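Enquirer: Single-letter residue listing:
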Amino acid sequence: MSACTDNDLPAWSLTREAICAVPLPSAWPEPLSRRWAWGDSRGEGVRVAVIDSGIDESHPRLGGAVRRAVNVGRAADGRLAVTEDDAGDVSGHGTACAGIIHSVAPACELTSVRVLGAGLTGEGDALLAGLRWAVQERHDIVNLSLSTTKARFLGALHELADAAYFGSCALVASAHNMPVDSYPWRFSSLLSVASHSGTDPLEYFYNPQPPVEFHARGLDVEVAWAGGSVIRASGNSFAAPHVAGIAALVLARHPGLTPFQLKSVLHLAASNVATSDPGR
Amino acid sequence: MSAELRSAVAAGVLAAARGRAPLLQSIVDVACATFGAQAASIMRYDADRDELVFETVSGAGSGALVGSRLPAGAGIAGWVLAAHEPLVVEDVDRDPRFAVDVAHRSGYVPKGIMASPLLLQERAVGVISVLDRPQRSRFSLIELELLGLFAGQAAIALDLLQCGRLAELALDGSAGELTALASVAAALERLQGARRASAGRLLAALDELVSDDPGTDG
Numbered sequence: 017m018s019a020c021t022d023n024d025l026p027a028w029s030l031t032r033e034a035i036c037a038v039p040l041p042s043a044w045p046e047p048l049s050r051r052w053a054w055g056d057s058r059g060e061g062v063r064v065a066v067i068d069s070g071i072d073e074s075h076p077r078l079g080g081a082v083r084r085a086v087n088v089g090r091a092a093d094g095r096l097a098v099t100e101d102d103a104g105d106v107s108g109h110g111t112a113c114a115g116i117i118h119s120v121a122p123a124c125e126l127t128s129v130r131v132l133g134a135g136l137t138g139e140g141d142a143l144l145a146g147l148r149w150a151v152q153e154r155h156d157i158v159n160l161s162l163s164t165t166k167a168r169f170l171g172a173l174h175e176l177a178d179a180a181y182f183g184s185c186a187l188v189a190s191a192h193n194m195p196v197d198s199y200p201w202r203f204s205s206l207l208s209v210a211s212h213s214g215t216d217p218l219e220y221f222y223n224p225q226p227p228v229e230f231h232a233r234g235l236d237v238e239v240a241w242a243g244g245s246v247i248r249a250s251g252n253s254f255a256a257p258h259v260a261g262i263a264a265l266v267l268a269r270h271p272g273l274t275p276f277q278l279k280s281v282l283h284l285a286a287s288n289v290a291t292s293d294p295g296r
Numbered sequence: 039m040s041a042e043l044r045s046a047v048a049a050g051v052l053a054a055a056r057g058r059a060p061l062l063q064s065i066v067d068v069a070c071a072t073f074g075a076q077a078a079s080i081m082r083y084d085a086d087r088d089e090l091v092f093e094t095v096s097g098a099g100s101g102a103l104v105g106s107r108l109p110a111g112a113g114i115a116g117w118v119l120a121a122h123e124p125l126v127v128e129d130v131d132r133d134p135r136f137a138v139d140v141a142h143r144s145g146y147v148p149k150g151i152m153a154s155p156l157l158l159q160e161r162a163v164g165v166i167s168v169l170d171r172p173q174r175s176r177f178s179l180i181e182l183e184l185l186g187l188f189a190g191q192a193a194i195a196l197d198l199l200q201c202g203r204l205a206e207l208a209l210d211g212s213a214g215e216l217t218a219l220a221s222v223a224a225a226l227e228r229l230q231g232a233r234r235a236s237a238g239r240l241l242a243a244l245d246e247l248v249s250d251d252p253g254t255d256g
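Going down the list, the sequences are from chains A and B. Residue 133 in our numbering is what sits at position 117 of the first sequence, and the numbering runs on without skipping anything. Residue 191 in our numbering is what sits at position 153 of the second sequence, and the numbering runs on without skipping anything.
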């Protein structure tokens with residue numbers, strides 16, 4: 017018997033003291049500025065799915081950006097089914113993630129995919145079904161601030177992550193806050209995100225030591241919450257929606273970028289990557 | 039099971055059980071003191087009823103909470119349990135639904151909650167919560183790591199507690215599979231020579247089979 021921890025795995029996060037510049041392996045032929053990457057983009061036309069506890073659509077900080085809400089639940093025959101959802105947010109967390117994405121990319125369109133609720137606790141297959149639906153519905157970006165520790169979902173999740181990658185659907189997932197093995201954030205096809213301790217929502221860092229590839233704001237973030245409230249919250253689960261929002265800005269400015277190309281742009285525009293950038 | 043073996047097992051189970059609940063209590067007491075918090079608690083996930091049960095509480099609201107239950111599919115603890123991720127929220131009393139629900143249950147409405155899942159291999163067996171740490175500073179990444187360490191310790195202690203309860207049930211004869219296992223152990227004691235060796239190999243194979251099972255719940 018042992019706790020689900022592995023001493024070889026760090027609890028992913030980045031302190032200010034640990035931030036360092038990451039040189040490019042060779043001189044880049046053209047500088048890439050943030051002005052080029054997203055400029056004055058507001059995320060227009062980009063569709064972002066939030067797989068979480070639901071979204072309080074009427075929250076004033078969401079500005080009517082939620083266009084659709086679905087729920088993964090058990091049908092009468094016991095199978096998981098995706099149906100339209102009017103339950104709002106069962107915890108507040110999904111609203112927080114949606115609010116962060118909206119604050120960064122106010123013109124993007126949000127979809128709530130609720131995979132939490134009564135009878136769904138511990139069911140990694142609800143997460144899988146919600147993710148499959150979001151990919152099949154051809155969302156440009158999927159924010160996934162949760163994970164499963166169950167290895168039996170590894171194969172199916174991997175297959176789905178590949179399908180998203182090749183289908184131009186960028187999956188943005190939060191790395192685990194605890195030193196445990198969990199999925200799907202550590203897959204190479206995803207954009208995996210952990211927290212840094214800064215306060216700028218557009219400041220993010222490339223991590224040259226994967227599996228976590230980016231660090232974004234995740235501590236003491238003022239977030240929308242259930243019941244129309246606003247609270248402060250911390251955790252890697254709030255870092256992922258910052259990168260999802262920035263990714264929406266980039267995709268609105270450069271429609272048609274594949275996840276591979278999007279990740280390359282995010283790498284070169286990261287706050288600690290040394291491209292010549294007077295517009296940063 | 040022979041009377042002698044039953045007595046020996048009962049003595050072992052009861053002696054261990056006496057130490058388990060204080061161990062769990064000690065963990066929340068230390069967590070409370072380390073974070074300078076107003077209260078801390080450990081909840082166990084009851085998969086059969088899809089509920090979280092308060093197992094132990096330290097500090098404010100402790101009297102009324104132990105044994106009380108809440109739905110596992112909702113709320114902050116529910117998210118932590120299902121998402122397998124820790125979460126830290128401040129000013130959560132601004133959520134009117136949360137404030138009414140918690141005040142009704144314990145009479146104490148926290149402003150801040152740090153919560154982490156209790157993970158054992160692939161299962162989330164419960165949630166540890168620390169309420170109202172001092173607001174003297176911004177929340178830090180170090181505190182989040184510390185919470186994770188407490189969660190690892192609490193997960194092991196909670197699992198020990200549950201194992202003890204199941205053993206007690208087996209001794210009461212009310213848990214069929216475990217009672218059968220105890221009977222097999224007693225029969226093995228009586229076997230001699232080649233038959234005992236064969237039974238030992240069979241048990242070793244069974245042990246290997248069930249130890250490889252990654253589990254299905256939590």
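Derived from the structure by calculation, the hints contain no laboratory data. Note that the structure is predicted; figures quoted are calculated from it, not measured. Hints may be right or wrong, so weigh each one.
What the hints assert, rightly or not - With a cut-off of at most 20 Å between alpha-carbon atoms, the simulated DMTMM-like pairs for lysine to aspartate or glutamate come out as follows: (1) B:K149 with B:D129; (2) B:K149 with B:E181; (3) B:K149 with A:D236; (4) B:K149 with B:D139; (5) B:K149 with B:D131; (6) B:K149 with A:D216.
Enquirer: Of the hints stated earlier, which fail here?
Expert: Hint 6 is the one this structure does not satisfy, whereas the remaining hints hold.
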